[in-house]
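Going down the list, the sequences are from chains A and B.
The first sequence begins at 0 in numbering that gives the first Met the number 0 and counts up by one.
The second sequence begins at 0 in numbering that gives the first Met the number 0 and counts up by one.
Note that these hints are calculated values from the structure, not bench results.
Check the hints yourself; a few may be wrong.
[As the list claims (entries may be wrong)] Dumping the calculated EDC-like pairs for lysine to aspartate or glutamate here, alpha-carbon to alpha-carbon at most 20 Å:
1) A:50 - B:351
2) B:431 - B:577
3) B:352 - A:54
4) B:430 - B:578
[Unchecked claim] Computed list of chain B residues with no C-beta within reach of chain A, every gap over 12 Å:
5) 8
6) 9
7) 10
8) 202
9) 233
10) 235
11) 275
12) 318
13) 460
14) 506
15) 650
[Unchecked claim] With beta-carbon atoms standing in for the labels, derived distance ranges:
16) B:312 - A:34: 42 to 48 Å
17) B:14 - A:34: 15 to 21 Å
18) B:318 - A:22: 58 to 64 Å
19) B:66 - A:22: 55 to 61 Å
20) A:34 - B:230: 24 to 30 Å
21) B:286 - A:22: 31 to 37 Å
22) B:422 - A:33: 38 to 44 Å
23) B:234 - A:22: 21 to 27 Å
24) A:34 - B:651: 30 to 36 Å
25) A:32 - B:594: 47 to 53 Å
26) A:34 - B:574: 20 to 26 Å
27) B:285 - A:32: 53 to 59 Å
28) B:351 - A:32: 27 to 33 Å
In this text, a Cβ means the ideal position worked out from N, Cα and C, and glycines have one as well.
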Amino acid sequence: MPISGIAVMAAEGQAESVKQAIEAQPGMDVVSQVGDYLVVVLEAPSPAACKAGFERILALPGVASAEVAYYDEQDVRQG
Amino acid sequence: MRFTRREFIRHLAAAATYASLPVGLMDCSKGSSAFPEAVSLDPKLKWDKAPCRFCGTGCGVMVGVKDGKVVAVAGDQLNPVNKGLLCIKGYSLPGILYGEDRLTRPLIRSNGALKEATWDEALNLVAARFKETVEKHGPEAVAMYGSGQWAISDGYAALKWFKAGIGSNNVEANARLCMASAVTGFITTFGADEPMGCYDDFEKADAFVLWGNNMAEMHPVLFSRILERKRTASWVRIIDLATRRTPTTEWADMHLSMAPQSDLALANAIARFIINTRRYDRDFVSRHVVFRRGKENIGYGLEDKFSFRDQPRPMSFDEYAQYVQRYTLEYAEKVSGIPAGRIKQLAEIYADKFTKVVSLWCMGMNQHNRGTWINNLVYNLHLLTGKICKPGNNPLSLTGQPSACGTVREVGTLAHRLPADMVVTNPEHRKKAAEIWGVPVERINPKPGYNTVEMFRALDRGDIKAIWIQTTNPMVSMPNLNRYRTGAEKQDRFVVVSEVYPTPTTEVADVVLPSAMWVEREGFFGNTERRTQHWFKMVEPPGEARPDVWQTIQVARRMGYADLFPYGDETYERELFEEYRRFTLGTGHDLGTYEQYVAARGLRWPVVNGRETPYRYTARFDPYVSEGKDIEFYAKKDTGGRAVIWARPYEPPPEVPDDEYPFWLTTGRVLEHWHTGSMTRRIPHLHRAVPEAYVEIHPDDAAELGIQDGETVRVRSRRGSVELKVVLNGKGKPRRGSVFVPFFDENKLINEVTLDSYCPISKEPDYKKCAVKIEKRMAS
Numbered sequence: 000m001p002i003s004g005i006a007v008m009a010a011e012g013q014a015e016s017v018k019q020a021i022e023a024q025p026g027m028d029v030v031s032q033v034g035d036y037l038v039v040v041l042e043a044p045s046p047a048a049c050k051a052g053f054e055r056i057l058a059l060p061g062v063a064s065a066e067v068a069y070y071d072e073q074d075v076r077q078g
Numbered sequence: 000m001r002f003t004r005r006e007f008i009r010h011l012a013a014a015a016t017y018a019s020l021p022v023g024l025m026d027c028s029k030g031s032s033a034f035p036e037a038v039s040l041d042p043k044l045k046w047d048k049a050p051c052r053f054c055g056t057g058c059g060v061m062v063g064v065k066d067g068k069v070v071a072v073a074g075d076q077l078n079p080v081n082k083g084l085l086c087i088k089g090y091s092l093p094g095i096l097y098g099e100d101r102l103t104r105p106l107i108r109s110n111g112a113l114k115e116a117t118w119d120e121a122l123n124l125v126a127a128r129f130k131e132t133v134e135k136h137g138p139e140a141v142a143m144y145g146s147g148q149w150a151i152s153d154g155y156a157a158l159k160w161f162k163a164g165i166g167s168n169n170v171e172a173n174a175r176l177c178m179a180s181a182v183t184g185f186i187t188t189f190g191a192d193e194p195m196g197c198y199d200d201f202e203k204a205d206a207f208v209l210w211g212n213n214m215a216e217m218h219p220v221l222f223s224r225i226l227e228r229k230r231t232a233s234w235v236r237i238i239d240l241a242t243r244r245t246p247t248t249e250w251a252d253m254h255l256s257m258a259p260q261s262d263l264a265l266a267n268a269i270a271r272f273i274i275n276t277r278r279y280d281r282d283f284v285s286r287h288v289v290f291r292r293g294k295e296n297i298g299y300g301l302e303d304k305f306s307f308r309d310q311p312r313p314m315s316f317d318e319y320a321q322y323v324q325r326y327t328l329e330y331a332e333k334v335s336g337i338p339a340g341r342i343k344q345l346a347e348i349y350a351d352k353f354t355k356v357v358s359l360w361c362m363g364m365n366q367h368n369r370g371t372w373i374n375n376l377v378y379n380l381h382l383l384t385g386k387i388c389k390p391g392n393n394p395l396s397l398t399g400q401p402s403a404c405g406t407v408r409e410v411g412t413l414a415h416r417l418p419a420d421m422v423v424t425n426p427e428h429r430k431k432a433a434e435i436w437g438v439p440v441e442r443i444n445p446k447p448g449y450n451t452v453e454m455f456r457a458l459d460r461g462d463i464k465a466i467w468i469q470t471t472n473p474m475v476s477m478p479n480l481n482r483y484r485t486g487a488e489k490q491d492r493f494v495v496v497s498e499v500y501p502t503p504t505t506e507v508a509d510v511v512l513p514s515a516m517w518v519e520r521e522g523f524f525g526n527t528e529r530r531t532q533h534w535f536k537m538v539e540p541p542g543e544a545r546p547d548v549w550q551t552i553q554v555a556r557r558m559g560y561a562d563l564f565p566y567g568d569e570t571y572e573r574e575l576f577e578e579y580r581r582f583t584l585g586t587g588h589d590l591g592t593y594e595q596y597v598a599a600r601g602l603r604w605p606v607v608n609g610r611e612t613p614y615r616y617t618a619r620f621d622p623y624v625s626e627g628k629d630i631e632f633y634a635k636k637d638t639g640g641r642a643v644i645w646a647r648p649y650e651p652p653p654e655v656p657d658d659e660y661p662f663w664l665t666t667g668r669v670l671e672h673w674h675t676g677s678m679t680r681r682i683p684h685l686h687r688a689v690p691e692a693y694v695e696i697h698p699d700d701a702a703e704l705g706i707q708d709g710e711t712v713r714v715r716s717r718r719g720s721v722e723l724k725v726v727l728n729g730k731g732k733p734r735r736g737s738v739f740v741p742f743f744d745e746n747k748l749i750n751e752v753t754l755d756s757y758c759p760i761s762k763e764p765d766y767k768k769c770a771v772k773i774e775k776r777m778a779s
């Protein structure tokens, strides 16, 4: 189950709406906010689903940019 | 506290992402005067910040001073450029100040020999000769040749003296030899000089395409940021498009070995691919771009007084699309030698909507007889795809010198320029300059002066009779060197050189003035990403050495221009900066206040209301973008704020290998030495690492010529020759049919061999392509 860390930059004044939109997506958590930047952790069932999740973030209204800062696709089911 | 593996990975993801956020985006009104705690336990060691003296990266350095001497350096952890990292040259900085033969007293040549003199004697002589020359032969007969290693005040004082005082535009700098094509590329495409992106892009891109750029050696700290990005994001790719294998190649995911000059065809082929596969950004192109076509077959600047003026005409998108159709992948393969399938892989990287691309280049594209064109063509790729003005998606022209941007390009120490991108040919610009300088507008000459190559040709002919050279070494760095050295040595020429060490340039001087350097004086530099950085004077210069700016002011006053230089002896650095700043305000080149630069680890202009601008032309970051617009190239007024996609063809270079001279010669640099080596060759460990220049030859070519590794051969062109030791398996490996020679060694003057062709638009010479032969040494 891949896990990504994604840095999202919201357009000016839209960080809150972007945050809410991201948190409404499955597998995504906004774990921190620095001004208009949001630190997002995305978990998905597969690499393809992770990529699709990233592309959904890019397509959200108010997202100025997003980039993947961390990616791990090792099996993390064993706790 | 126990974590599951899943929780641990989630925490790692969050921490890594947090750490990737851009640290440079700061509100500098708060200031940043805190220094990191010094590791040293020595209470006598005082630390202060400065930018590195060497390349255009602009690394932050903490300088440790004890008992009046620089004894240590450390990377400045608070500086967002390098975050505490330095390269080998950066760590060697203290050594550049303390070479044994440091110049400490003015010298005047008498009966062929340089003899010590007082400052008054030397300055009076320089002033008298310049004044006499202007009176007898006119302002066009004098010249100032400076440097991208000038501090901002050095360049500004020289500019003001010449353009507001003497009324001459013969002010040039060695950045003409390294960055001029980048300048004309920016201005013809965007209407303004310097990048729209910044170093923050290194942590954001998915692909880095290096166009003829050995970044691992030439900008190692920035390359380390790319490698770190790649380490943390496994899909990131580095593409090395080059005419030789270098240390950069060893880190690349894809190395594309291209024939010299074929970058013109390759870039056009990629543009064609983007259009034909319908991956151009229609919305971006329709809103932000216009198309233009310039003149073709524009010459190579080989003739004295060569002149060129482009005549752009508009095109439609369809006409442009038709224009690039001949640049098929197969045609590009034929020109470049790169298989069509590999070119297509490179084209896919640009075309793929979701791949963020940073294109990087330096001398491979700028020191090019079509340098402006190739800069335009790489911008075309970013403009067609809309991969521009967005974090992680930008072209980035890397700079060679610490202040080629901050001094030469921004202050305008070029034959046609004034500060803040203004030009002498524009009456409004001259009016503004005259107002700030307090001179009649008629004092500012509307006719551009000589560009660098033409300046030294004019010196050779005698049209220039007096020249002052500061902080650069043209008697090593000028192409086709024999002609220009002979010219400088002719009778009835008066050559003044301000330097820190004896060099081949001081050997031709009539007067040598000892210069203070780096932290021996206060100053400002401006780096590649528009970051202006300040440092205070930390140690006294040796002997009677004084800063270049002080020398210029003294001569200007003695020539009768004291009213232009009313500054205090202890305050001129600050006063000059604040005066120069007035040119920038309200232009999109705005500089911050003196106090802001003292406090901060540099600021990226425009600095407006205390905020720096990491990304230009985009509303999110740039206060100059008009209300209601998302992206606006606001400096491009003639197109209504749209950038220009230029139709530029492939044209061959002026001299290509033939039966008599069957090899390409490329020149360049090495990690260990800075430019002409006048500083780094005096640092023992750097000198021992690379003690002399050499010639890299492909092993198969060497075998055919019967040449062994370590053998001495003569590299000969139509212009001159030099003996060099052969290196067959060194750091760099040229293609078959090519050789490479670094230019740092004043005892092996490879520029006696190179050709002084230049880009007709930028006037920047091409040091990367001429034809040579390799001669074995005959047995005695």
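Violated constraints from the hint list, given by number and in increasing order: When the structure is compared with the hints, numbers 5, 6, 7, 8, 9, 10, 18, 24, 25, 26, 27 turn out to be violated.
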